[in-house]
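Chemist: Below are the chains, spelled out letter by letter.
2 protein chains.
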Amino acid sequence: MRSAYDDLSAHLRAAALLGSTAALLAWDQETFMPKGAGDVRADQLALLAQLQHERATDPRVGAWLAACDADPRPQLDLDQRANVVGWRRDFDRATKLPSALVAELAQLESKAQQAWVQARHKNSFARFQPWLERMVALHQQKADCLRAPGQSRWDALADLYEPGMCAKDLRSLFGPLRQRLVALRERLTAGRLVDDSFSRVVIAEPQQEAFVRAVVTAMGFDFSCGRIDRSAHPFCTRVGADVRLTTRFHRDRVLDALGSTMHEGGHGLYEQGLEPAHLGTPLGEAVSLGIHESQSRLWENHVGRSAAFWQWCWPQAQHHLGSACAGHDAATVFAAANVVRPSLIRVEADEATYDLHVMVRFELEQQLIDGELAVANLPSEWNRLYREFLGIEVPDDRSGCLQDVHWSCGLFGYFPTYTLGNLYAAQFAAAADRELGGLGPLLARGQFTTLREWLRRHIHRHGRRHTPAELCRLVTGSPLSPEPFLHHLESKLGGVYAVSSSR
Amino acid sequence: MRSAYDDLSAHLRAAALLGSTAALLAWDQETFMPKGAGDVRADQLALLAQLQHERATDPRVGAWLAACDADPRPQLDLDQRANVVGWRRDFDRATKLPSALVAELAQLESKAQQAWVQARHKNSFARFQPWLERMVALHQQKADCLRAPGQSRWDALADLYEPGMCAKDLRSLFGPLRQRLVALRERLTAGRLVDDSFSRVVIAEPQQEAFVRAVVTAMGFDFSCGRIDRSAHPFCTRVGADVRLTTRFHRDRVLDALGSTMHEGGHGLYEQGLEPAHLGTPLGEAVSLGIHESQSRLWENHVGRSAAFWQWCWPQAQHHLGSACAGHDAATVFAAANVVRPSLIRVEADEATYDLHVMVRFELEQQLIDGELAVANLPSEWNRLYREFLGIEVPDDRSGCLQDVHWSCGLFGYFPTYTLGNLYAAQFAAAADRELGGLGPLLARGQFTTLREWLRRHIHRHGRRHTPAELCRLVTGSPLSPEPFLHHLESKLGGVYAVSSSR
Numbered sequence: 003m004r005s006a007y008d009d010l011s012a013h014l015r016a017a018a019l020l021g022s023t024a025a026l027l028a029w030d031q032e033t034f035m036p037k038g039a040g041d042v043r044a045d046q047l048a049l050l051a052q053l054q055h056e057r058a059t060d061p062r063v064g065a066w067l068a069a070c071d072a073d074p075r076p077q078l079d080l081d082q083r084a085n086v087v088g089w090r091r092d093f094d095r096a097t098k099l100p101s102a103l104v105a106e107l108a109q110l111e112s113k114a115q116q117a118w119v120q121a122r123h124k125n126s127f128a129r130f131q132p133w134l135e136r137m138v139a140l141h142q143q144k145a146d147c148l149r150a151p152g153q154s155r156w157d158a159l160a161d162l163y164e165p166g167m168c169a170k171d172l173r174s175l176f177g178p179l180r181q182r183l184v185a186l187r188e189r190l191t192a193g194r195l196v197d198d199s200f201s202r203v204v205i206a207e208p209q210q211e212a213f214v215r216a217v218v219t220a221m222g223f224d225f226s227c228g229r230i231d232r233s234a235h236p237f238c239t240r241v242g243a244d245v246r247l248t249t250r251f252h253r254d255r256v257l258d259a260l261g262s263t264m265h266e267g268g269h270g271l272y273e274q275g276l277e278p279a280h281l282g283t284p285l286g287e288a289v290s291l292g293i294h295e296s297q298s299r300l301w302e303n304h305v306g307r308s309a310a311f312w313q314w315c316w317p318q319a320q321h322h323l324g325s326a327c328a329g330h331d332a333a334t335v336f337a338a339a340n341v342v343r344p345s346l347i348r349v350e351a352d353e354a355t356y357d358l359h360v361m362v363r364f365e366l367e368q369q370l371i372d373g374e375l376a377v378a379n380l381p382s383e384w385n386r387l388y389r390e391f392l393g394i395e396v397p398d399d400r401s402g403c404l405q406d407v408h409w410s411c412g413l414f415g416y417f418p419t420y421t422l423g424n425l426y427a428a429q430f431a432a433a434a435d436r437e438l439g440g441l442g443p444l445l446a447r448g449q450f451t452t453l454r455e456w457l458r459r460h461i462h463r464h465g466r467r468h469t470p471a472e473l474c475r476l477v478t479g480s481p482l483s484p485e486p487f488l489h490h491l492e493s494k495l496g497g498v499y500a501v502s503s504s505r
Numbered sequence: 003m004r005s006a007y008d009d010l011s012a013h014l015r016a017a018a019l020l021g022s023t024a025a026l027l028a029w030d031q032e033t034f035m036p037k038g039a040g041d042v043r044a045d046q047l048a049l050l051a052q053l054q055h056e057r058a059t060d061p062r063v064g065a066w067l068a069a070c071d072a073d074p075r076p077q078l079d080l081d082q083r084a085n086v087v088g089w090r091r092d093f094d095r096a097t098k099l100p101s102a103l104v105a106e107l108a109q110l111e112s113k114a115q116q117a118w119v120q121a122r123h124k125n126s127f128a129r130f131q132p133w134l135e136r137m138v139a140l141h142q143q144k145a146d147c148l149r150a151p152g153q154s155r156w157d158a159l160a161d162l163y164e165p166g167m168c169a170k171d172l173r174s175l176f177g178p179l180r181q182r183l184v185a186l187r188e189r190l191t192a193g194r195l196v197d198d199s200f201s202r203v204v205i206a207e208p209q210q211e212a213f214v215r216a217v218v219t220a221m222g223f224d225f226s227c228g229r230i231d232r233s234a235h236p237f238c239t240r241v242g243a244d245v246r247l248t249t250r251f252h253r254d255r256v257l258d259a260l261g262s263t264m265h266e267g268g269h270g271l272y273e274q275g276l277e278p279a280h281l282g283t284p285l286g287e288a289v290s291l292g293i294h295e296s297q298s299r300l301w302e303n304h305v306g307r308s309a310a311f312w313q314w315c316w317p318q319a320q321h322h323l324g325s326a327c328a329g330h331d332a333a334t335v336f337a338a339a340n341v342v343r344p345s346l347i348r349v350e351a352d353e354a355t356y357d358l359h360v361m362v363r364f365e366l367e368q369q370l371i372d373g374e375l376a377v378a379n380l381p382s383e384w385n386r387l388y389r390e391f392l393g394i395e396v397p398d399d400r401s402g403c404l405q406d407v408h409w410s411c412g413l414f415g416y417f418p419t420y421t422l423g424n425l426y427a428a429q430f431a432a433a434a435d436r437e438l439g440g441l442g443p444l445l446a447r448g449q450f451t452t453l454r455e456w457l458r459r460h461i462h463r464h465g466r467r468h469t470p471a472e473l474c475r476l477v478t479g480s481p482l483s484p485e486p487f488l489h490h491l492e493s494k495l496g497g498v499y500a501v502s503s504s505r
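Line order of the protein sequences matches chains L and A.
For what it's worth, my numbering labels the leading residue of the first sequence as 3, then goes sequentially.
For what it's worth, my numbering labels the leading residue of the second sequence as 3, then goes sequentially.
Isolated chain L (complex conformation) (with noise of 0.2 Å):
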C-alpha cells in the first residue's frame, strides 16, 4: 500500500525536476542563449518558478507530512525520517509567505535589479535609492511573516541561507577575527613587497583553458556528470544528474582563471558528492550555503593558494602555459597567488581581507533591515566603514555600496555565508589535515582524490541530514571557531611576506 511517504516523496521530486529543469533554463541564459531570447526566456523562468511554489505548498503537502508525524509505528527509516524534517522546515517556511507579497517580490526584485544596473552603470546612488527603500519595506514584511516569536527580523532573512544561524552568534565569531585580520591587514601591508608579476602575465584563452581544466580533472572533478563553460560570472548549478560550471578567462589574469575554476570546481564536487539515490530530497541537497562555499574556499585557497599545490601544479603550468613560465617558479607563483593588498571590490578581494568586505555589509545590512540605518545614509556608513576595516577611502558608490548585485535582488543575509565558508573551510582542511597525516605531501603529488574523497565521506555525502552547526562538530570534534582560519593565515601569509624577494 502506498504510504504518506511515499506520496509526498514523489510529489516533491517532481517539485524538484521543476527546480532542475529551471536551473538548466537559468545556466543557457549565461552561457549559450542568444541575446534576443531573453523575454520569452524571462516567461519559461517565471512559469516555472511559480509551478514549482504550486507544488510546494499543496495543502497535501500538509496533509502528508502530518500523516508522517503522527505515525504511531516506526515505519520510516532514519533517512525517511531525515527527509521528512527537510520538507516540513521547506513547507513551513513557503506556506508563510502570502502569494500576493512573493509576487510583489518577484517583480520588484526583477525591476530593482534592472535599476541597480543602471545606477551603478551611471555611478549615481540616487537612481538606486528609492528602489532600495522599496526592497527593505518589503523584506522587513517578508521577515514578519517569517519570523519565530523573539527572533529579529535580521536572522529569519538569513535563516533561509543558513539553517540557524543568527547576527548574535555571529558577532561573537566576527568580533575576534576583524580584530585580527585589521592587524594582520596593517603588519603585512607595512612590509615588503611580493612579486606578483606573473599574475599579469598575458596568456591565450586556449592554453589558460587546458591548463584550468587539468587542475579541475585532477580535483577528481566527474566529466561525465558535468562540464565547464564560460559566463561573464562564474557559477556552479545542478541541471539534475549533472553538474555545472562556469568559469571566465582574461589574457592577463590566469590566477584569476585558476582561482574562479578551483572555486567553482569545489562546489561542484560538493554537488558530485551527494547520494546519487537521494537526489530530489532533502538528504541529496546541500546542507548550507555556508558549507557549500566552505568547500569552494577550501579548494580555492586551502589547496589552490598552498606552497605544496604548487609543487605539482608548477610543471603543468609549464606544460600547457609554455614560455609564460619563463623567469619563474613555484615558489614565485606561490607567493604571486598569496598576495595581501586591501582593495576596493569584494570579489577582487584577496584571502585575508575579504572577509573585511563581508563584514561591511554584514553591519549595514542589519541596520537596514532593523530600520536604524536609512537607506540615504548607506553611502556615508559603507565608506566610513571601509576606511575603518580596510583603511581605504572609497572614491565613488560604484566602487562602493553599489558594487554588490546581492540587495538589488534580495539577498538580504546572504553575504555572512561567505565568511562562514571561510571559516568551516579553514577547520575542514586543519581536520583533513590531522587525519591523513598530512595535506601538503598528498597535494604536493597531486593526490587531490584522497581529500576528495574524505570531504565526500565526511560531509557530503549527508546532504541535509545534520544542521550546519551539528555538522562541524561531527567533522571536526569542535565548534566553528575563527582560530583555524586565523592560524592558517597568519602562518601562511607570515612565511610568504618574511621569505618572498622584495622588489
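No wet-lab data here; the hints were simulated from the structure.
The structure displayed is predicted, hence computed values, not measured ones.
Hints are not guaranteed to be accurate.
[Claimed, not checked] Computed cross-link-like contacts, DSBU-like style, restricted to lysine-lysine with a CA-CA straight-line distance of at most 35 Å:
| id | chain 1 | residue 1 | chain 2 | residue 2 |
| --- | --- | --- | --- | --- |
| 1 | L | Lys37 | L | Lys124 |
| 2 | A | Lys37 | L | Lys37 |
| 3 | L | Lys37 | A | Lys113 |
[To be verified] Quick list of the computed label-pair ranges, beta carbon to beta carbon:
| id | chain 1 | residue 1 | chain 2 | residue 2 | range |
| --- | --- | --- | --- | --- | --- |
| 4 | A | Gln318 | L | Ser101 | 55 to 65 Å |
| 5 | A | Asp224 | L | Glu207 | 21 to 31 Å |
| 6 | L | Gln77 | A | Gln77 | 50 to 60 Å |
| 7 | L | Glu207 | A | Asp79 | 21 to 31 Å |
| 8 | A | Gln77 | L | Asp41 | 23 to 33 Å |
| 9 | L | Asp41 | A | Gly64 | 22 to 32 Å |
| 10 | A | Pro208 | L | Asp9 | 51 to 61 Å |
| 11 | L | Gln77 | A | His123 | 38 to 48 Å |
[To be verified] To spell it out: a stretch of chain L is covered by chain A in this simulated footprint if at least three of its residues, at any positions, have a beta carbon under 8 Å from a beta carbon of chain A; those stretches are:
| id | segment |
| --- | --- |
| 12 | 17 to 26 |
| 13 | 222 to 229 |
| 14 | 241 to 250 |
Glycine included, every Cβ here is placed at the ideal spot set by N, Cα and C.
We have chain L already, so just place chain A on it with the hints.
Modeler: This is chain A only, laid out in the frame that chain L set:
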C-alpha cells in the same frame, strides 16, 4: 472584460512555454549534456510532457473553445478564428490520449533512444529489439486512441506530422515516383563517372566551420535569435524566441557539412520567418513537417546543389578553405555535389536516391504498426527492400535498420514527410523561379535574402493558417505533384552526367 479567447490564449501560451522549455532539455541532451545525466533528463522530459499534456487537455480548454465557437457576435478577427481552429484540432487530438500513456511514452522514448545509441554502436539489433517492440506496442495503443472510425493506425500517427496525409494518397504519389527514380538511378549509374574528389579533400574543422557559417549567414539566418552547434545528428529546434541549428563535421566531407548546415538553415529560416507576435499560438507554428522539410530541401538542394549557387559560393570556399580548393573550380564542385551513387545511409544519400530510402521505411513502418511485420524480422525485410529499391546489399544492421534515430524516439509515420518535402520544395522552387524572374541570376549573385523574403511572404508568415494542401495550391497554383521534382532532377542530373569529365 476578459473574453473566453483571452483566457484560452493565456492558458495555451503557458503550455507552449512548457513545450519550448522541453525543447531546451532535448537540445541540451543532444549537444552539451554529460552522458551520466540521461536518466534524470528522461524524468525531466516526462514531467514536462505530462504538465504540458495536462494543460492542453484541461476541461476548461474545451469550455473556452465552445464559448469561442458559440459566440454569435463577430468578436474574433481572422487571426483569432484561425487560432481557434488550430487549438480545436490540438485539443481534440490531445484529449484522446490518456495522461498515463503520454508520460509512459515520454519516458520510454528517452530511454529507447539511449538504448538505440548503444545498439548502433555495438552493431547489435538484438540489444535494440526489445525497446523497439515496446515502442511499437505503445504506438499501436497511441494510434488506437487517436484514430477515427475506419482510419488505419498508421494514418492516425502520420496525421500528427502531416495534417491530412494518408497512406493511400502517398502510394499514388510514390508509385510513379519510384518507377521514374529507379529508372533514373539505373540510367545514371550505368553512365559516366563524375569526379567527386572535392568531397573527400581533408580540411580542418575550424575552416569548415567558418565556411558553413558564412553560407548560413548569407542565407539570412539571424544569429541574434539563433545559434549553431555540433551534434551527432544535425537538427533544428525552437527554444522560445530563439532557433537552434546543429551540424557536424568530418575532416574529409566538407560538402556533407555544407549540405547539413544549409538543410538545417532552411528549417531555421522557416522558424525565424514565423510571426513573433503569434508565438505560442497556432499562427506562430509551422504547418506541417512536410512543409518544414520543403524549406530545408529547397535550400540544401535547389540552392546548394545548383550551378548558379556555386558561381557565388566558390570564391567563398576558396577564401575559407584555402589550399584545399586547388585543382577544383565552381563547375567541378557543382558536379561533385551532384554525384548519384546508391548508398546504404539515408542521411548521406544523394538527391536522386534519397526518396528510395524513404520508401523502404514507409513500407516497413506501416507493416510494423499494422502488426504485419514482427520486429524480429525487420532486419531481413529491410535488407530485401534495399536490394529491390536501391540495388545494394546491406552488410550489417548498423548500416541498415539501426541507422535512423526515428523509431527509437517514437516517430512512426514521419519518414514520408521527407519525400513530401522534396516534392513541395521542387514545386515551390519552380514557383519562385517564375515569380522572381529566374532564381539562377539571384543565386549567382548571392542575393539569397530575396528568396528568403519570398518564402517568408508566401509560406513562413502564415504559420498554420492554411492546411499543407491549401498552402501548396495558394503558393504554386496547383496541387502537389511529383512532376516538378522529377523534371528538376532529370534535367539537372542529365546535364551533370553529360558534361562532366569522366575518369
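Chemist: Taking the hints in turn, state whether each one holds.
Modeler: Hints, one by one, checked against the model:
For the hint linking Lys37(L) to Lys124(L), the alpha-carbon distance of about 23 Å falls within 35 Å, and the restraint holds. A distance of roughly 28 Å separates the Cα atoms of Lys37(A) and Lys37(L); the hinted pair therefore holds under the 35 Å criterion. Under the criterion of a C-alpha separation no larger than 35 Å, the hint pairing Lys37(L) with Lys113(A) is consistent with the structure, at around 33 Å. Here the CB-CB span from Gln318(A) to Ser101(L) is close to 57 Å, well matched to the stated 55 to 65 Å.
A beta carbon spacing of about 27 Å between Asp224(A) and Glu207(L) agrees with the range 21 to 31 Å that was offered as a hint. Separation of Gln77(L) from Gln77(A) is about 58 Å and conforms to the stated range, judged on CB atoms against 50 to 60 Å. A C-beta distance of roughly 53 Å is found between Glu207(L) and Asp79(A), which places it outside the suggested range of 21 to 31 Å. Taking the beta carbon of each, Gln77(A) and Asp41(L) are about 28 Å apart, inside 23 to 33 Å as hinted.
In this structure, Asp41(L) and Gly64(A) meet the distance hint of 22 to 32 Å, their C-beta atoms being roughly 30 Å apart. For Pro208(A) paired with Asp9(L), a C-beta distance near 54 Å keeps the hint of 51 to 61 Å intact. Between Gln77(L) and His123(A) the Cβ separation comes to about 45 Å, which falls inside the hinted range of 38 to 48 Å. With a cut-off of 8 Å between beta carbons, the segment 17 to 26 of chain L has 5 residues touching chain A; three or more are needed, and the interface restraint holds.
Look at the segment 222 to 229 of chain L against chain A: 6 of its residues bring a Cβ nearer than 8 Å to a Cβ of that chain, three or more, so the hint holds. Counting residues of the segment 241 to 250 of chain L whose CB lies closer than 8 Å to any CB of chain A gives 4, which reaches the minimum of 3, so the coverage claim holds.
In summary, the one numbered hint that this structure violates is 7.
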